[in-house]
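Engineer: In order, the protein sequences belong to chains A and B.
For the first sequence, position 3 matches number 3 in the working numbering, and the numbering has no gaps at all.
For the second sequence, position 221 matches number 221 in the working numbering, and the numbering has no gaps at all.
Incorrect hints may have been included.
To be verified - Quick list of in silico lysine to aspartate or glutamate cross-link-like pairs, DMTMM-like style, CA-CA up to 25 angstroms:
#, chain 1, residue 1, chain 2, residue 2
1, A, Lys87, B, Asp290
2, A, Lys84, B, Glu297
3, A, Lys86, B, Asp290
4, A, Lys159, A, Glu204
5, A, Lys86, B, Asp111
6, A, Lys159, A, Asp123
7, A, Lys25, A, Glu174
8, A, Lys84, A, Asp100
9, A, Lys159, B, Glu297
10, A, Lys159, A, Asp115
11, B, Lys115, B, Glu297
12, B, Lys115, A, Asp95
13, A, Lys159, B, Asp111
14, B, Lys268, B, Glu132
15, A, Lys84, B, Asp111
16, B, Lys213, B, Glu132
17, A, Lys159, A, Glu85
18, B, Lys115, A, Glu85
19, A, Lys86, A, Asp148
20, A, Lys159, B, Asp290
21, A, Lys84, B, Asp290
22, A, Lys87, B, Asp111
23, B, Lys213, B, Glu270
24, A, Lys87, B, Glu297
25, B, Lys286, B, Glu297
26, B, Lys286, A, Glu85
These aren't lab readings, by the way, just hints derived from the structure by calculation.
Bear in mind the structure is a predicted one, so any value in this text is a computation, not a measurement.
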Amino acid sequence: MRKLLLPALAAAALLLPQTAAKAAKEEVVLGLSQDRVAITATFDGSEILVFGAVKRETPIPVDDPLEVVVTVSGPAPAVMVRRKEKKLGIWVNADSVLVDSAPAFYAVATSAPFDQVLTDTEDLRHRISIERAIRSVGAAMHIRGAQDFADAVVRIREKNGLYSLRENTVAVDEQTLFRTAIRMPANLTEGTYATRIFLTRGGEVVSSYETAIDVRKVGLEKFLYALSREQPFIYGLMSLAIAIAAGWGASAAFSLIRNR
Amino acid sequence: MQIYLPIAEVSVNAFLLLGLGGLVGILSGMFGVGGGFLMTPLLFFIGIPPAVAVATEANQIVASSFSGVLAHFRRRTVDIKMGLVLQAGGLIGAALGVVVFNYLKALGQVDLLVKLCYVVFLGVVGGLMFIESLNAIRKTRKAGGTTPPTRRQRGWVHALPFKMRFRTSGLYISVIPPVLVGVCVGILAAIMGVGGGFIMVPAMIYILGMPTKVVVGTSLFQIILVTGFTTMLHATTNYTVDIVLAVLLLVGGVIGAQIGTRIGVYLKAEQLRILLALMVIAVCVKLGLDLLLQPAELFSLGAMGGH
Numbered sequence: 001m002r003k004l005l006l007p008a009l010a011a012a013a014l015l016l017p018q019t020a021a022k023a024a025k026e027e028v029v030l031g032l033s034q035d036r037v038a039i040t041a042t043f044d045g046s047e048i049l050v051f052g053a054v055k056r057e058t059p060i061p062v063d064d065p066l067e068v069v070v071t072v073s074g075p076a077p078a079v080m081v082r083r084k085e086k087k088l089g090i091w092v093n094a095d096s097v098l099v100d101s102a103p104a105f106y107a108v109a110t111s112a113p114f115d116q117v118l119t120d121t122e123d124l125r126h127r128i129s130i131e132r133a134i135r136s137v138g139a140a141m142h143i144r145g146a147q148d149f150a151d152a153v154v155r156i157r158e159k160n161g162l163y164s165l166r167e168n169t170v171a172v173d174e175q176t177l178f179r180t181a182i183r184m185p186a187n188l189t190e191g192t193y194a195t196r197i198f199l200t201r202g203g204e205v206v207s208s209y210e211t212a213i214d215v216r217k218v219g220l221e222k223f224l225y226a227l228s229r230e231q232p233f234i235y236g237l238m239s240l241a242i243a244i245a246a247g248w249g250a251s252a253a254f255s256l257i258r259n260r
Numbered sequence: 001m002q003i004y005l006p007i008a009e010v011s012v013n014a015f016l017l018l019g020l021g022g023l024v025g026i027l028s029g030m031f032g033v034g035g036g037f038l039m040t041p042l043l044f045f046i047g048i049p050p051a052v053a054v055a056t057e058a059n060q061i062v063a064s065s066f067s068g069v070l071a072h073f074r075r076r077t078v079d080i081k082m083g084l085v086l087q088a089g090g091l092i093g094a095a096l097g098v099v100v101f102n103y104l105k106a107l108g109q110v111d112l113l114v115k116l117c118y119v120v121f122l123g124v125v126g127g128l129m130f131i132e133s134l135n136a137i138r139k140t141r142k143a144g145g146t147t148p149p150t151r152r153q154r155g156w157v158h159a160l161p162f163k164m165r166f167r168t169s170g171l172y173i174s175v176i177p178p179v180l181v182g183v184c185v186g187i188l189a190a191i192m193g194v195g196g197g198f199i200m201v202p203a204m205i206y207i208l209g210m211p212t213k214v215v216v217g218t219s220l221f222q223i224i225l226v227t228g229f230t231t232m233l234h235a236t237t238n239y240t241v242d243i244v245l246a247v248l249l250l251v252g253g254v255i256g257a258q259i260g261t262r263i264g265v266y267l268k269a270e271q272l273r274i275l276l277a278l279m280v281i282a283v284c285v286k287l288g289l290d291l292l293l294q295p296a297e298l299f300s301l302g303a304m305g306g307h
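Based on the sequences and whatever the hints tell you, model everything.
Structural biologist: Now the structure itself:
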């Protein structure tokens, strides 16, 4: 199915009438295998296929090869980072830094090693690399090594599979077709996941495209979550009722087995 | 089989949770402890956010304690009157404990104090119980297998006013010590996020002088109300009770509790106590090492304002 879809899409892209052509010399025409992720009770991560084609009126430039960068970024709330220090012989939380915005999930996929596809200036401008996707302006000046705190966010989340840089995972054919698969782990949070595609030549971004993947709980998961926030008292009573019923049920079942 | 937990927002193996629930349930039925002091650290370990683990654990303890207490009711080993007196103290204590907890939270060191509480109380309780039961076993051996009739000590506990007769326990004592024990356990339960059985059980044996067989059932009976109260508190203020996680844990837990109660019948009281003591000491040592040794990751992430 996917194999069939790709060439068809590419052909469609190349044959499109020249309406919005003047905006950029090369443009992204994007496809997603799914633009929403449903978190069900048995949700165990998801793999999203990002594929597309490059639309252009002029012949393929010959100077630098076309490279593609794909980023998927989750919702970015503020994160409190704490550092432990040894005090009176035991390890306790001492300094803390509020990192203003750190995406709950961040994946970068590139078609070549990162420093080849993107210059540092362009990275700074578009906030593409993992380190740049995290924003920490409010770090108190009196805390030494504030950068360590931002690094810790990256390190801990990389370990949990939430942040990843996947070099050489975008396949580019004939400088026109590209595709990659972004693996999303099971511990996703709800929200809108911004998906960006950058086309680069010689490290410069020549075109970019942005879309969103919607990650939502559905069915029972959604019902329980909503109930716990909107009717916490009923939710609490329900939890207790289930607990009492289960306790009684097990006791009754066991005494039946025993008396038989 | 992976299950996505709606409140915890993580995906975990359902059979792992059933197994953990079952294991802790067996211990709960055997010793009359809620098992929270074991389960909560285990849940942290498999990646459940601490706030959710503590709240959901309270709900699960309600189920396993209820299952366990029914078995004890059938064997008439629950001192209902004593349980109610302890509960009255327990609710006062829990309310006080929440005030203390919020005060510590404002100071920003609540994690540390909870851990220190664990280490100190588990260490003292476990150590005392271990020594006492070892002595008891040694005495039994010397006496050639027959238990010598132990005379209950008549100390300060019996000199207080407001005496009440607790028929099931065979006691005629003042209500002041049980209420005070209830208050203390309630405070600790609220701060440490556990049912408090591991403190309640030794307190009943050593301070109130209740017979061991009655202690377990009565402790379970008392735990139900305290943890039920805690569950409601967490559900309505922090929204951290994960019902799916609770169901998985309690299905394993209630079955485990039934098995545990039956195993408990075949063990001698001293053996029961020495096993519980060893377990308490093991958890204490583990938590103590966490505080003393340099952690592999010095940094920790938390939500805005939370801990």
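Engineer: For every hint, state whether the structure bears it out.
Structural biologist: Verification of the hints:
1. A/Lys87 - B/Asp290: Since the Cα atoms of A/Lys87 and B/Asp290 sit roughly 14 angstroms apart, the hinted pair holds (cutoff 25 angstroms).
2. A/Lys84 - B/Glu297: It holds: about 9 angstroms lies between the C-alpha atoms, which stays within 25 angstroms.
3. A/Lys86 - B/Asp290: Measuring from Cα to Cα gives roughly 12 angstroms; hence the hint holds.
4. A/Lys159 - A/Glu204: Distance of about 31 angstroms is beyond 25 angstroms: violated.
5. A/Lys86 - B/Asp111: holds, 15 angstroms
6. A/Lys159 - A/Asp123: Holds, because 23 angstroms separates the two Cα atoms, which is no more than 25 angstroms.
7. A/Lys25 - A/Glu174: With a Cα-Cα distance of about 17 angstroms, the restraint between A/Lys25 and A/Glu174 holds, given a limit of 25 angstroms.
8. A/Lys84 - A/Asp100: At roughly 20 angstroms apart (the allowed maximum being 25 angstroms), A/Asp100 and A/Lys84 satisfy the hint.
9. A/Lys159 - B/Glu297: Holds, at roughly 11 angstroms.
10. A/Lys159 - A/Asp115: Satisfied, since the Cα-Cα distance of roughly 22 angstroms is no more than 25 angstroms.
11. B/Lys115 - B/Glu297: Holds, at about 18 angstroms.
12. B/Lys115 - A/Asp95: holds, 19 angstroms
13. A/Lys159 - B/Asp111: Measuring from Cα to Cα gives roughly 23 angstroms; hence the hint holds.
14. B/Lys268 - B/Glu132: holds, 14 angstroms
15. A/Lys84 - B/Asp111: holds, 12 angstroms
16. B/Lys213 - B/Glu132: holds, 17 angstroms
17. A/Lys159 - A/Glu85: Satisfied, since the Cα-Cα distance of roughly 22 angstroms is no more than 25 angstroms.
18. B/Lys115 - A/Glu85: With a Cα-Cα distance of about 16 angstroms, the restraint between B/Lys115 and A/Glu85 holds, given a limit of 25 angstroms.
19. A/Lys86 - A/Asp148: The hint holds at about 17 angstroms.
20. A/Lys159 - B/Asp290: Between A/Lys159 and B/Asp290 the Cα gap is close to 20 angstroms, so the pair holds against 25 angstroms.
21. A/Lys84 - B/Asp290: holds, 12 angstroms
22. A/Lys87 - B/Asp111: Distance of about 15 angstroms is within 25 angstroms: holds.
23. B/Lys213 - B/Glu270: Roughly 11 angstroms separates the two Cα atoms, so the pair holds.
24. A/Lys87 - B/Glu297: holds, 16 angstroms
25. B/Lys286 - B/Glu297: holds, 17 angstroms
26. B/Lys286 - A/Glu85: The hint holds at about 19 angstroms.
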